[in-house]
Amino acid sequence: MLAHATRRATSRLARCARQNVQRRSMSGGASIEEEIAEMNKWRSVSMLAVPACAGFGVYTLANVEHTHNEHPKYSYLRIRNREQFPWGGDLGLFEYPSKEH
Amino acid sequence: MNQQKHPFHLVDPSPWPFLASFAALVTTFGGVMYMHGYIGGDSLAASGFLLILYTMFVWWRDIIREATYQGHHTTTVQAGLKSGMILFIVSEIMFFLAFFWAFFHSSLAPTVEIGAVWPPKGIDVLNPWEIPFLNTLILLTSGATVTWAHHAILAGQKTQGIMSLIFTVILAAVFTGFQVVEYVEAPFTITDGIYGSTFFMATGFHGFHVFIGTVFLAICLLRLVANQFSTHQHFGFEAAAWYWHFVDVVWLFLFVAIYWWGGL
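Going down the list, the sequences are from chains D and G. Position 3, counted from 1, in the first sequence is what our numbering calls 3; the numbers after and before it change by one each time, with no gaps. Our numbering runs 1000 ahead of the 1-based position in the second sequence.
No wet-lab data here; the hints were simulated from the structure. Glycine included, every Cβ here is placed at the ideal spot set by N, Cα and C. One or more hints might be untrue.
Selected chain G positions facing chain D (in silico; Cβ < 7 Å) [said to hold, decoys possible]:
(1) 1113
(2) 1117
(3) 1122
(4) 1126
(5) 1134
(6) 1141
(7) 1145
(8) 1147
(9) 1151
(10) 1152
(11) 1181
(12) 1182
(13) 1184
(14) 1189
(15) 1191
(16) 1193
Each computed BS3-like pair below joins lysine-lysine, with the alpha-carbon atoms no more than 27 Å apart [claimed, not checked]:
(17) 1005/G x 1082/G
(18) 1005/G x 1121/G
(19) 41/D x 1158/G
(20) 73/D x 1005/G
Using the sequences and the accompanying hints, generate a full structural model.
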């Protein structure tokens, strides 16, 4: 009875405005201590992964070998539908004159 | 005193949407003129592009003003922004789906014209276990550093947030640098038949999205330094992190499908 009277007295808009607003809407409910723990976990992962990337990078770049195979000039390769590119010439955007090693 | 009796943000009239439209028009006209050799095409395209950049700057600056300094981004508004960002990323997934479709269409049943094999006869593929694998590790690591950054922001740890976000942006830039090296050093180009087309369209658009994501993260770094994020409101950063994870996942699919399987 009382609840019904209250509902009649309050406008729908006012009821919407009194919705329960979560203070930390992005946090997923975790406390500051839990966030600090998660932060430290991902910091540890990063401190492992970044040097690993650097190490693998050095290894990869040191062992890069360019073997240039000769191929027949197939008609479906090096397609040219007009005389030159918009920037002039025959070389693509990332293409440079080939230097024979 | 006027009170807003609802949780939404009714935006003030703004010239930026029209400017964006005009900038896009100028850019497309200039682009077409340049491609077809008309004089002034390059200048018009460049002007249009600069106008696009200016529009982005002033429009997003206004959004930051409305949100961080005028308080218009209520929980309800943020919910709308979240839905918007999610739907935008879904539309980008659809975009990449098209290029993957094209790749699989051509590679699963290679035509006789290219030797009925994939990779086509005459194509020397890149070794996936050299720079492409390194790039995979780099992007995965950047996913870890951006998660570190997020939890630092949630915990109110500004210094670690800045450090981890710097790591993320550096890793992103290193990825892009290695891709440029790959593009220059590759023994094939976009003009090398269907292999070149599918390879460079898919990886090229991915690279463009990496660039966008890197800029987004860099802006978040500047905003973090400028104290524009709080522990409980930092949706700009969340959106950047979502976008970055999307870029990472697309790369994983590219690596497995085009670099690895496509070179077998």
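Tested hints:
no.: 1; hint: 1113; in the structure: 6 Å, holds
no.: 2; hint: 1117; in the structure: 12 Å, violated
no.: 3; hint: 1122; in the structure: 4 Å, holds
no.: 4; hint: 1126; in the structure: 11 Å, violated
no.: 5; hint: 1134; in the structure: 5 Å, holds
no.: 6; hint: 1141; in the structure: 4 Å, holds
no.: 7; hint: 1145; in the structure: 5 Å, holds
no.: 8; hint: 1147; in the structure: 5 Å, holds
no.: 9; hint: 1151; in the structure: 4 Å, holds
no.: 10; hint: 1152; in the structure: 5 Å, holds
no.: 11; hint: 1181; in the structure: 9 Å, violated
no.: 12; hint: 1182; in the structure: 9 Å, violated
no.: 13; hint: 1184; in the structure: 5 Å, holds
no.: 14; hint: 1189; in the structure: 4 Å, holds
no.: 15; hint: 1191; in the structure: 5 Å, holds
no.: 16; hint: 1193; in the structure: 4 Å, holds
no.: 17; hint: 1005/G x 1082/G; in the structure: 23 Å, holds
no.: 18; hint: 1005/G x 1121/G; in the structure: 68 Å, violated
no.: 19; hint: 41/D x 1158/G; in the structure: 17 Å, holds
no.: 20; hint: 73/D x 1005/G; in the structure: 73 Å, violated
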